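Protein chains in written order, with the numbering used here: chain A, 1 to 269; chain B, 270 to 529.
Note that these hints are calculated values from the structure, not bench results. Since this is a predicted model, take the numbers as computed values, not measurements. All C-beta atoms in this analysis are idealised placements derived from N, C-alpha and C, irrespective of residue type, glycine included. A few of these clues could be false.
With beta-carbon atoms standing in for the labels, derived distance ranges [what the hints assert, rightly or not]: (1) A:N249 to B:S293: 43 to 53 angstroms; (2) B:K318 to A:D224: 50 to 60 angstroms; (3) A:E195 to B:E348: 56 to 66 angstroms; (4) A:S240 to B:K318: 42 to 52 angstroms.
Here are some chain A residues pointing at chain B (derived, C-beta under 8 angstroms) [as the list claims (entries may be wrong)]: (5) D128; (6) T175; (7) S245; (8) N249.
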Amino acid sequence: MGGEDDEKKLEKALDLMRRVPPQNISKHLAGLIDLCPSLTEELLSAVDQPLSVKLDDMKKENFIICDYNRDGDSFRSPWSNIYYPYISDGYLPPVQLRTIEEELNSAFKIYADMYYGEGTLSSVYVWDIDNGFAAAILIKKTIQGTGCWDAINIMEVTERLGRPSHYKLTTTIMTWLKDDDFGMNLGGSVMRQKEDDIASDGGHTVNIGQMVEAMENNIRQQIDGIYFGKTRDIINGMRSLTSLSQKKNLTAGLSAELAGALSKRKPLE
Amino acid sequence: GAAMMKSDKQWYQRRVRGLLTRASSVFYDYATEQFTTVKVDGGDCLVTKVGSLDSAKRFVDPTTSKSFTYNFLKNEASEVEEVPRDTNVEGWREAVQSALKGYLDEVYPAHVSAVYANLADDMINLTICIEDHKYNPANFWNGKWKSKWEVSFPTAGGHSKVTGNMRVQVHYYEDGNVQLLTNKEVEESVQLSSPAEGAAHIVQFIKSSETAYQIAINENYHKMSDTTFKALRRNLPITQSLIDWHKLQSLKVGKDIMNR
């Protein structure tokens, strides 16, 4: 009975989170957790928050922190494979997975450089799943005081003997842009999913890379359309730059002209 | 046993009352901040702080000169009463309202507005609230435009500063959650010699400010799309083609890459 109640609560909570201003997600999430502490775990994993960063003291490089490299209150660096704050018994991926993880980290570092440029951080974390593995490919780009782009790509790879592997990608992009001088703030998140079966004789990096690249390009285009197209259309629909009565007369004028032109045409032979 | 249950129930009731009390002030702040619209005797009216009679749930609509009780949860008005107009300020208030309507009809498909006026220390205080919104939950979006204009001047008229605040908000939530918020403050001194003339000047300032603002928002969209957004992530690498992942994979997982 408690479980069913919780499920309904979670549904309503997630529905609410979809409608709150994305710029204030963390604050609203904290408030929701306050109201329903029993749903904390589910809420934290279901709602994507902006990505945070930690320093790997040993490699002198930052890494992105999330649920996928967390063990208790510590986070594992993909560069040194050590937990910060240090714990001796944190979960470490088995050797084969760590190799895949290293390869994906170096590949996506280059990807990030080619698409995002300066001020970008990428991190990949890999873990076991039935008949395969999953990878969290995270990218964070910040332009101080102007914009931020956080990408969370969760890729599930299922290997099948003698057949193509199955790839399932769930990508969430959170991005905001602001212009403080003008007083404009545009932000939010978009989520998409895609599945495919691809031969993986040569390993998985190429397939994963191509799928993530295509997905991020596609979402970027959609964000462009929604952020700069749709929201702008909505604004211009609420207030007209030309007089509304002028618009009506224009339409009426066109109709009259068209009717006149049609009436002058010779009947078809 | 039963005694425990009774005190549980009381504790629960107290807690719910406490939550509702906190909730009602949150509702008041939110609704008045948003210039929420409500039907009063069939006509659309605004719920604003300026129009609040008790900082809780009684509001006045200056256009119809009616007061009402507002139910925040149901968005309904009740206990509607006629309120006598203040003859000291009604001349100015009505002149501004009339001039304003002409302008609003010109550019807002679905506007709701309120012109509030009062007299204090020989000064007439006018507050103009404008709202226009489009709700489209079926297509997962909604938008609101609101602006507030204030001016104070001596009863005999004068040259006074009009201050304005314009805010636009859009929310789009299909397969995601995107919000736009914009906000601008403006001010200008206008001549207020008589109600008709003064009203025309005030409305002219509102019209030019709002028109300029809408044009500027559109231009800023261009700028954000062409510059800021592109700087966040390119649509293709500088090579103008997709990455050759086979080539990338064959690159040695070298120290120089890992240590960048």
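To see whether the hints hold, each was checked on the structure:
Restraint check, N249 of chain A to S293 of chain B: a C-beta distance of roughly 48 angstroms satisfies the suggested window 43 to 53 angstroms. Our hint of 50 to 60 angstroms for K318 of chain B and D224 of chain A is violated, since their Cβ atoms are close to 38 angstroms apart. Separation of E195 of chain A from E348 of chain B is about 58 angstroms and conforms to the stated range, judged on CB atoms against 56 to 66 angstroms. Range check, S240 of chain A to K318 of chain B: about 29 angstroms between beta-carbon atoms, so the 42 to 52 angstroms window is missed.
Hint status for D128 of chain A relative to chain B: violated, with the closest Cβ pair at about 22 angstroms, above 8 angstroms. Using the Cβ-Cβ criterion of 8 angstroms, the hint placing T175 of chain A at the interface with chain B is satisfied: the shortest such distance is roughly 7 angstroms. Below 8 angstroms, beta-carbon pairs count as interface contacts, and S245 of chain A has one with chain B at about 7 angstroms; its hint therefore holds. Checking N249 of chain A against chain B: minimum C-beta separation of about 13 angstroms lies over 8 angstroms; hint violated.
Consistency with the previously given hints fails for numbers 2, 4, 5, 8, ordered from lowest to highest.
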